[in-house]
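Undergrad: Now for the letters of each chain:
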Amino acid sequence: MMIHYRFLLEELRYGGKQVLTFVVCVALSIATLTALNSFRRDIHGSLIDEARALQGGDIIIHAHQPISEELEGTIDTLAQEQDFQQQSTLEFYTVALSEDKDTSLFSSIKAVESSYPFFGTIEIASGRKLGEVLKPGSVVVAQEVLERLDLAVGGLLNIGDVAFEIADVVTFESMRPVSFLTLGPRIFVSMADVDRLGLLGRGSRVEHEILIQLADPANADRLSETLSAVATPRVERVETAKNARSRVKVFFDNLLFFLSCISILTLMLSGIGMQGSLSAILYQKQNVIAVTKAFGASNRYLLIQYLAMVSFMGACGSVIGVIAGYLIKRLFPLLFRDLLPQDVGYAFHPVDALEGIVLGIFVVTVFTLLPLHRLGAVKPVMIFRHETGSEKPGAAPLLAGIICTVFLILLVVRQIDDLKIGIFFVIGLILLIGTVALAASASLWLLKRSTLPTLALRQSAKSLYRPGNASRSIVITLTSAISVLLLIFLLKLNLFATFIESYPENAPNLFCIDIQQDQKDLFQSVVGEEVVMFPVIRARLLSINNTMINAEQERQRKTDNLGREFNLTYRETLLEDEIISDGNSLFGDSKSLPSGVVALSVLDSIAEIGEIGLHDRLRFNIQGVEIDAQVTSIRSRTKSRLYPFFYFVFDSGTLEAAPQTFFAAMHLPKSLIPDMITAITAQLPNVSTINVADMADRFGQLMKRLSVIVTFFASFSIMAGCLILVSTIFATRLDRIKETVYYKVLGADSSIVLRILSYEHAMLAFLSSLMAVLFAEAAAWLICRNVFDIAYHPHWHVAALTVLSSIILLVLIGLASSVGIIRQRPAVYLQQQNSV
Amino acid sequence: MSSPILKAAHVSKHYNIGERRAVVLHNVSLELEPGEFAVISGASGSGKTTLLTILSGLDKPSNGRVWLADEDITDLDENGLAPLRNRLIGFVFQAFHLVPSLTSLENIMFPAELNRDPEASEKASHLLNRVGLWEQRDNRPEQLSGGEKQRVAICRALINNPRLVFADEPTGNLDSENSREVVELLLELQQEFNTTLLLATHSSAITDRADRILSLHDGRLVKNDIRP
Amino acid sequence: MITTIKPNVLSRTILLFMMAVILLAGISCDSSPPPEQQEPAENKTMTDSRGVIVAMGDSLTSGLGVPPEDAYPAQLERLLAERGHDYRVINAGISGETSSGARSRVNWVLKLKPDIVILETGANDGLRGIDPALIEDNIEQIIVRLKQEDITIVLAGMMMVTNLGKDYIANFKSIYPRLAQKHQVILMPFFLQDTATETSKNQADGIHPNSEGYSIITANLLPFVEKAITSDSQ
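Residue numbers (my numbering), protein chains in the order written: chain A, 1 to 836; chain B, 837 to 1064; chain C, 1065 to 1298.
Quick caveat, the hints were computed from the structure, so don't treat them as lab data.
No residue lacks a Cβ here, since even glycine has one placed at the ideal position from N, Cα and C.
Wrong hints could be hidden among the right ones.
[Said to hold, decoys possible] Okay, the calculated beta carbon distance ranges per label pair:
#1 597(A) <-> 1114(C): 20 to 30 Å
#2 901(B) <-> 812(A): 32 to 42 Å
#3 1290(C) <-> 163(A): 41 to 51 Å
#4 1114(C) <-> 552(A): 22 to 32 Å
Just chain A, with the same shape it has in the complex (with noise of 0.2 Å):
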């Protein structure tokens, strides 16, 4: 069947803005998806790359113990057959001594052979290669190293029975990015020295490590598979660099995942849009196609021409798309600046271009089915009787709706990479959708019922139920796009009021733990100011209500669990940040109590985790004595988790005599509190300090930029929704201005005009963001508070504005679409109005 070139092009050019809004819809329904699938791939790369830094092989084994000859044997031969390289390094602490050995350091000393490491670097302070510098009988030492034992490069350093020469300072080590919670400082020596230190074998512990590393890195997973079948259960670890548990890699896999959903959701809006789209089109033309029908056209032809007219449409979409997923994908290092390594290459394969395409085939095809599929309903009869009557609508769209889910999965499941959730997903949209659909029908049919006082209000309400008319359509298009970005937003805020606004500038920045009974008046004399110290009590919970905690079963809980050891504290008031959410006060009446029993409040995230209620009877271990306490109040935080917290908290007295060390939380100007630190700790050795205030910084900025990236997704979800409406109105703007001429005719002036049309927009976006704030904010808050577990603030100014904006957008639009009409004679129109 061929297809009629200039048939198509005449379409085209009459089709005018709807087609244009096609056009846009699948490139952003692409658009996104397509940078983001790129960006995916380059990120993954990357994190590899650093976990290999991190690791120092694509595979490594660990042991406390001396790696078993027979892996060794294994390791040994497959090296030779698969050509890959090994060493081994050892780990362990030592006492290290001076010249002199006057003066000792708890050093941790790392044993490396020459061609250390194969991934990663060890800066060195000459600059050389740590495999050049390090020769048997010399070390590499940290920098603290030759502070506390004053000592100089060149100088000498006793290990063991061995008196090594220092050569150099090592000051930085991939491995070993964080010193935060290492004992002491590093030395390096030579794997062959290690024997003559008289510091290895029966009764030392040391750590045991082998690195792999791969010609090719890809065999990494089989070869590790080979390795963990020979290698000691519990013993013997074998990891690869890929499935190392990076914390970066989880964090960069939620924040796709979430980027992802947004993307899809974009995808979505965008598929509604081009159906929108596309059935104005069809509407527009439907005359045409009745006139072309009566002359003898069959429906195959017509699908054809039609076909043809998509398919050109959606391969512009496409490509200009995959172009907007370049661009955009440009705009990464921008946006992610900071949250990655640098050498991340920000490439644009041309399998992403591939991919984008492949992609606007689908989301095209998808999404036009059931609008083409209605073109076999226009009767040739329609040119002569002008009201269309209503057609019962076949098995058409139902089999459309299941091929738009069945995609929706496996795109959803495609993109997020998980069944469960791709399907949850799904459902839950389409779930959306029905109670949207159910809802719209409802406040229609109120609507319908209600005496409204004026001409204009009551003119437009019933122009929402012309026969024909296609309210309920927009109705539940609108909800649908409203109540999805909507529910981005909140989820957003909400994530972010956790996150970042609930971490203010006066919140304490240096932490100070392990503060003794007998120190607290020194540390206060140290601090200055007053502080407050909270005390600190270890202890296990034994049982609720006389039902022992089973600790086999609290291990396998994913959150927090009741078997492990709690620090407890005694206080009498509530903090700034708590508030009582069950029971009268804090202890309630103290009097009440049995003997022997005393007041404790608990916190409702430990209380929800062990279904811990007001009046229960808690009993504790507290460093050998146990202690029976009744819950007098469930405390809730109104702040973010990054305040400090005591699940339990007592009523003071009965626990003042325990075993308890102190914790003090100070804010500080960032520029002091090094100075304060080293006072602390000269005075105090004991007491380590945390300074949390780099910590907050980095935090917060890290938060902010977060939140540009989610807003930059977040907005072409917008402009989706913003399309959709568009469309929506475009697509229904004929039946409105037919009417609108006749209002004219019988003597409506402008004003009158304008208030009918502006209150029909209104009524349309009042009744769709009334609903869309409901979905969206039972959605957003059933989100926060079953999946990332936060406290929930609905944000009803937000919900107040996207209600505003929706009717000032609309009604916009809706005059837009129809003002023409409103200074022009109506003759013309009404000449259009005979003429067809």
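Here the structure of chain A is known, so what remains is to put chains B and C in place on it, guided by the hints.
TA: Frame of chain A, contents of chains B and C only:
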């Protein structure tokens, strides 16, 4: 002698279609007396509808001027025309042009409601009874036959008691039986309301009953006869 | 200004932050079972007429990684009962506790009104390279305090891992016999006798004994505890 209810002087209308200029009306001048029943006759394409829309202010002449009840409406804007359309004149169209979202009763009431007439409902009910469609008062246009639609349209045109009613081929979409009834109704009501009626038609049966016959041919007024 | 940002600013930021949060939230990383699972409710301290042995110590006493009934205090209580000694053994072990921690806790433990205390501490100090002089001072203060209350003490000796160096392990090891001698307390020379470095007697971490290891420890400990019981009943 009272002043004319409608007056047109040297009215022309042309459209530019690309480079071509199509002249639809050429230098038409006429006057109508209050209470007259005038018919514009002529073949299809002679310019009847165009003349009617220009005279009624639904369209603007390219040249010439139009007065309605002594007011020059030629340069009035849409808001200036709105009260005239609402109160001074009424329309009946070939294609009925009833508001699809309103019932028969509501359609008839609408102009009165625009006029803030507190008795809109009573007047509309009375008219609907008068034309024998009370049973169909809650039906929407799609549920009415052509003849019924046109009778509703006539009521709508008359509800504000206009001094002038324009009817453009009111029987064009009706069978002969309905045509006859609609014409009878129009004329009866014209008498009752003492309205001027200007009706475009090519039906000689109607033309025969007119007080004045205006004949158009290729956009020119070729005859302006008053029947004795 | 740092110009060469090391591979991943973010990873470190997040890591640091998580740690800070974890520390502040009071989430200690161990998730070991509670040291003992006694029948709740009935206030035994009131009604129980048995003698009280308090097992004070670190994770080696609390039984990190083994079921509570397999940790040595529970095994010891059963063994003593079999041999006709009417004693309750309370597990007062705290994972990760150093001698400084034990010293600050001693008054609290006295609330349990022990007749005998088995004191096992110092291993965590050693693994952190703490100065042996400080460890010795702490343990000495604990002994002095317990003696004030007329409590019979069994001191569990400890040894340090070889890799810390000959000087350190020698200094460390000598603390226990020296104190036992000085204060005339019963000394079990090495708490982990026959289990240390024996792969089959330890858990996968190579440090903490498994249930079998605890049986050996309990058997080794028994004569010293019986000696304490004898001296206690005098």
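Undergrad: So, for every hint listed, does it hold in this structure?
TA: Right, here's what the structure says about each hint:
Range check, residue 597(A) to residue 1114(C): Cβ separation about 24 Å, and the 20 to 30 Å hint holds. Between residue 901(B) and residue 812(A) the beta carbon distance is about 38 Å. The supplied range of 32 to 42 Å therefore holds. Take residue 1290(C) and residue 163(A): their Cβ atoms lie about 49 Å apart, and the range 41 to 51 Å holds. The beta-carbon spacing between residue 1114(C) and residue 552(A), approximately 29 Å, falls within the hinted interval of 22 to 32 Å.
Checked against the numbered hints given earlier, this structure breaks none of them.
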